[in-house]
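Now that you have both chains on their own, put them together as the hints suggest.
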Amino acid sequence: MTKLIATRDVYGETLADIGAVNKDIVVLDADLSGSTKTNIFAKKFPDRFFNMGVSEADMMGTAAGLAACGKIPFASTFAIFASGRAWEQVRQSIAYPKLNVKIVASHSGITVGEDGGSHQAIEDIALMRVIPNMTVIVPCDGVETRSVIQEIVKYNGPVYVRVARGKFPVILPEDYKFTIGKGVVVKDGKDATIIAAGLMVSHALEAAAILEKEGLNIRVVNMSTIKPIDRELIVKAARETGAIITAEEHSIIGGLGEAVAGVAAEECPVPVKRVGIQDRFGQSGLAEELLVHYGLMPKDIAGAVKEAIKKRK
Amino acid sequence: MTKPNTEDLRRWVKQLRLDVLMMLNKAKSGHTGGSLSAADIVTALYFYKMRHNSKDTKWPDRDRFVLSKGHAAPIQYAALARCGYFHPKELLTLRKLGSMLQGHPDMKCTPGVEVCTGSLGQGLSMANGMALAIRLDKRPSRVYALLGDGEVEEGQVWEAAMSAAHYKLDNLCAIIDFNGFQIDGAVTDIMNIEPLTKKWDAFGWHVLMIDGHDMGQIVKALDDAENIKGRPTMIIARTVKGKGVSIFEGKYQYHGVPPSDEELKKSLEELGVSAEGWPERVIP
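Residue numbers (this note's numbering), protein chains in the order written: chain A, 1 to 313; chain B, 1001 to 1284.
Okay, chain B solo, but in the shape it has when bound (with noise of 0.2 Å):
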């Protein structure tokens, strides 16, 4: 297994998180919250943890994403541009008429983007399908899946997390961005979802409980998950809605709001980069 460069995951995150920002800033609508709180993880999972190829989209051996809380589209859109799926002008277009980039994640329009998702609570049973194909043709592909917090609280999550352990899927890893906001307020007021280690455990999944901001920690738990056999990993990561921009961490009220001209201001000298160059110019 190869060893991560954190330093070089950390500037990736960074880069990510700026391109979130202006993203969602040039589109005027869109999640900011949850794609910052998922920055991380995402980038551990397409710079590090997964076998993908953007030159070659549908290599049947590929690791699969499936974002299954689809309205953090922006961050797997900064991680398919950055990773060179295509081009980063594109994402000026987010969320435009005729866009590669639609609000929430298309498969027909976006290289790189697997199924449909933004309708929650439906991406867990994609990916299951998907490991089922796998394990079909004997492939050493791995399916990943992030869900948001608010999102298991659909019915269907808890159908699909049974059906995968039925089916002893250890070939899916899937990973709950634990950021405690929905777009009505605290996870715990609209509609409690705890003890959730204990029903993922029930449902007889392996379960890892990690700081999803921590770069070695996220990268391990992946690379445990990996080692689990006859059983689905479920990797639950606490993280912090709108992390690295103080004026949206831990604030539902941002959860389906872009950042204006004055808080991407803000944001950016907070984060310590500049929109110059943008989006053309990576960050040194």
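The following block holds chain A by itself, in its conformation from the complex (with noise of 0.2 Å):
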């Protein structure tokens, strides 16, 4: 039986964990501490958790403050807040400087479920990609957000985390070690590559094992970091498996999937298919019940990696 994880669970357990170590890290909250998992932090080491209230552009402002004086702030609030409604915030105060500033963002994606399609961000990616020095990164599992929140901290410069609410299959080896910019092959194959993100990773696995079966044999890339990607990563897979399918619990429109089809298209055109939000909002439901009425389950991607493999034809 695969080990369910929320990613925002671990987030909060590794803040605290390397808060402990690091006295330079500072927490910064917008009233949702309970909720990003912030709040473990803020218990241990109230001194350095400063809760921000409902006001996400002043939070994002006094981080770059924080940051400007040598501290290292994490701040957090649900990725529609962090990404939409700070946007500018981020991009002026803490981007545009370089500052040492690591948003991890909470309750990303349709899986966020019954609040809606108001409270589900499905563009953050692409808003948070395209501001100049911007580090983006999606884990994909519990043992990656570990990993992942570590290794942020030991880089110099702003940094965009995308969690979740929901729990998550976890798929990568406990000794896995995650590094800012490498894509990893979690399954080898020759037919084609499924590159994807966040929990689309375990679905990408399941629909390799579904193509497995009709005598396709797929690759499947966690693509963790979506900015800076991993290039060379993208050109081998579009060189040695000739045709590529991103999967994103995000819009179509400027997340992975237009990441990985700009790199192919200028280095080795091959067909690539999109799987994604298509360009529309959110709504109410259960996260599962939403993953298949969005199409983002494994059978959608298997059904993509078909199409894809017959326009190579």
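Quick list of in silico lysine to aspartate or glutamate cross-link-like pairs, EDC-like style, CA-CA up to 20 Å:
(1) B:Lys1058 to A:Asp24
(2) B:Lys1138 to A:Asp47
(3) A:Lys98 to B:Asp1106
(4) A:Lys167 to A:Glu289
(5) A:Lys299 to A:Asp191
(6) A:Lys23 to B:Asp1137
(7) B:Lys1014 to B:Asp1211
(8) B:Lys1138 to A:Asp24
(9) B:Lys1168 to A:Asp47
(10) A:Lys3 to A:Glu13
(11) A:Lys44 to B:Asp1137
(12) B:Lys1168 to A:Asp31
(13) A:Lys167 to A:Glu288
(14) A:Lys44 to A:Asp9
(15) A:Lys23 to B:Asp1061
Among chain B residues calculated to face chain A with C-beta under 10 Å, some are:
(16) Pro1060
(17) Val1066
(18) Thr1117
(19) Ser1125
(20) Ala1131
Since the hints were made in silico from the structure, they are not lab data.
Quantities reported herein were computed from a predicted structural model and do not represent experimental measurements.
We put the beta carbon where it would ideally sit given N, CA and C, even for glycine.
Following this line, the structure appears as structure tokens:
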């Protein structure tokens, strides 16, 4: 039985762990610390935790000021508010001066579920990726989340990390180590490559298993760093497997799919199919229902793989 | 506390106004009115109040200055140049490709600039963050933020006003350059911000009202702010847009317009200063 863990839970625990060692780490939240799990850090280190109330713009600016004085601020709220409400503060106050602020946004994508479309960020990767100096990371499970949080502390510069509300299957081995800018082949294959991020990596593996029964040998890449993207790994996949399918819990506009398609088009043109939200808003429902409704299930990815392969011929 | 030499300070005010007019004329774009209205306040901070060292720009115990009304960058650049952060000849490069003096303050380019500002409403939040960091590190530094009056129309200013009071940031002193005009006209006509004193008071700040061109009053307010404990201080400084040059005074039309050659000539005559030897030569 696969272990299920919410990446936001791992974020909260890891933050509290490294906060005990690194005293420069300070944490800010905008009245959602119970949901983003920064409350674990807050309980352990109340002096280094700042609840800014329901004011995301002010939170990002305050984080910038703390970073300008040598602190390593982690600023957390829901993805829609971190990337949307406070976009210009992130651009002007944090990314433009290249300040060392880590934005870890929870409740991303449609797996937010019942709260509905107003709270389901399906544009956050696009919004953050377009900003110069910004690094964008989407961990695929709890193991990777832990490593991501540890690694971004060592990197000096602004980072956006997308974690989620729901519990995701753990697919990476316990000793996995994340490197900024490096994708990882989680299953090798030669007939096509699925490049996925977040929850969709586990769905991609299931899709590959479905296709295996039909005689197709599919490579699966966990592309957890959306920016800077691992160009080499994309080109290798294009060259060796001849077709690419991207899978993300995000709009197909501006996200992983476009990042991958851009590299493939420039370096080694092959058919690319993008699985993701097809330019529409989310809605209320159970996460599992929404994943089916919006076509983000393993069978949807498997279908896209077959289409891409057909296009190649 | 060292006594200020107000005569000396007034001479620096004049120097900075000369620098602003010359820089903007050479750049052929930029914000004249709001740079001139802030000249006395910026002089009092850089040449009297703030503890800073141009030879050690990263000194951890330095006081911090955030020009939240970033479009007044020329007045900060003039102060930094005259304090020795960089050679005054750099003032000739304002707004030019590759210059260390960007159109709005940029910490990556200019020694002595602490953050990036220019998008109005964001500086006070950054100042709050600095004040929090300084308090965590138990340093004696103070943080100064200069805001425009039109700028307080931004909602983020009031988020930051709440935060500063909530976290009792008594190492923070903000100043509003209340010159009464914004780019489209008089602040009272465009979007009334009054009653300004009552607003900051209601948000939990210690509020001081001064004449922003009276060096004695500016210096006293900055000194007094240091003794206020448990809450941040807001100095509302009544100023005149374009102060010192009658063709610009009180004219919102000069918010974002540089002086022409003719206007520059008249301005310098009125200020009683000469462009000879600028920028190397400092006025006697």
